Amino acid sequence: GDSVTQTEGLVTLTEGLPVMLNCTYQTIYSNPFLFWYVQHLNESPRLLLKSFTDNKRTEHQGFHATLHKSSSSFHLQKSSAQLSDSALYYCALSDRSGSWQLIFGSGTQLTVMP
Amino acid sequence: GGIITQTPKFLIGQEGQKLTLKCQQNFNHDTMYWYRQDSGKGLRLIYYSITENDLQKGDLSEGYDASREKKSSFSLTVTSAQKNEMAVFLCASSKPRDWGSSYEQYFGPGTRLTVL
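Line order of the protein sequences matches chains R and G.
In terms of our numbering, the first sequence opens at residue 131 and continues consecutively.
In terms of our numbering, the second sequence opens at residue 567 and continues consecutively.
It is worth saying that the hints were derived from the structure and are not from the lab.
Quick caveat: nothing in here was measured; it's all calculated off a predicted structure.
Be aware that one or more of the hints could be misleading.
To be verified - Now the in silico label distances, taken between C-beta atoms and shown as ranges:
id, chain 1, residue 1, chain 2, residue 2, range
1, G, T573, R, G146, 35 to 43 Å
2, G, D620, R, M243, 44 to 52 Å
3, G, Q580, R, S200, 51 to 59 Å
4, G, T617, R, S133, 26 to 34 Å
5, R, P148, G, I569, 33 to 41 Å
Stated by the list, open to error - Listed next, the in silico EDC-like pairs over lysine to aspartate or glutamate satisfying Cα-Cα at most 20 Å (straight line):
id, chain 1, residue 1, chain 2, residue 2
6, G, K575, R, D132
7, R, K180, G, E670
8, G, K661, G, E635
9, G, K637, G, D596
10, G, K607, R, D184
For glycine and all other residues, C-beta sits at the position ideal for the given N, C-alpha and C.
Please take these sequences and the hints and turn them into a complete structure.
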């Protein structure tokens with residue numbers, strides 16, 4: 131079945147350094163939708179980025195990601211981390227063939243230190 | 567725009583008790599979902615509903631019932647609360663399946679369950 135892998139459970143870095151959170155996926159369908167959700171403490175997850183176009187960079191709120199179907203990846207990046215970026219980040223997968231579900235990764239907790 | 571509301575915000579129950587959580591959305595979305603979030607375990611799908619009166623089991627449906635009374639509401643029942651259980655239950659909804667819809671889900675604020 132479909133799956134999403136986020137290899138880092140915890141990422142800690144210093145303010146101002148670049149952020150990269152890894153996301154790879156597995157699906158039998160050729161037209162996946164990929165998403166990044168962010169969940170701040172005591173809040174619910176909200177959509178940060180989405181893409182279904184191969185090799186096209188998508189950006190929002192300083193974060194960016196590029197869907198690479200050749201490597202089944204959708205890594206989340208930011209050039210300079212801010213304290214307010216500390217949150218739980220989920221990568222998720224859907225497909226356009228009919229599945230109603232989002233397949234979520236296990237999440238990466240990002241902590242940005244001063 | 568729209569909003570998802572979940573009631574109650576906090577739910578404290580006793581072991582063995584049947585507990586009901588409610589979710590309402592005014593996005594006019596067809597599909598609604600219930601997830602459970604435990605610390606360190608991500609989001610796990612309990613039930614989802616494609617349309618009114620439809621119910622589909624997720625990976626974590628055992629121990630739960632669900633009801634989609636109308637398009638805007640989706641209820642979840644914990645059939646027998648487990649002692650020392652603590653989790654957040656999140657309701658979500660998504661757009662109808664049609665060309666151009668990317669199926670992103672919008673989440674409610676959650677219900678925090680504690681079982682004594």
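Against the structure, the hints come out as follows:
1. T573(G) / G146(R): 35 to 43 Å: Since T573(G) and G146(R) have Cβ atoms about 42 Å apart, the given range 35 to 43 Å holds.
2. D620(G) / M243(R): 44 to 52 Å: holds (47 Å)
3. Q580(G) / S200(R): 51 to 59 Å: Since Q580(G) and S200(R) have Cβ atoms about 54 Å apart, the given range 51 to 59 Å holds.
4. T617(G) / S133(R): 26 to 34 Å: holds (27 Å)
5. P148(R) / I569(G): 33 to 41 Å: Since the Cβ atoms of P148(R) and I569(G) sit about 35 Å apart, the hinted range of 33 to 41 Å holds.
6. K575(G) / D132(R): Violated, at about 32 Å.
7. K180(R) / E670(G): holds (8 Å)
8. K661(G) / E635(G): holds (18 Å)
9. K637(G) / D596(G): holds (7 Å)
10. K607(G) / D184(R): violated (30 Å)
In terms of the numbered hints stated before, the structure departs from hints 6 and 10, listed from lowest to highest.
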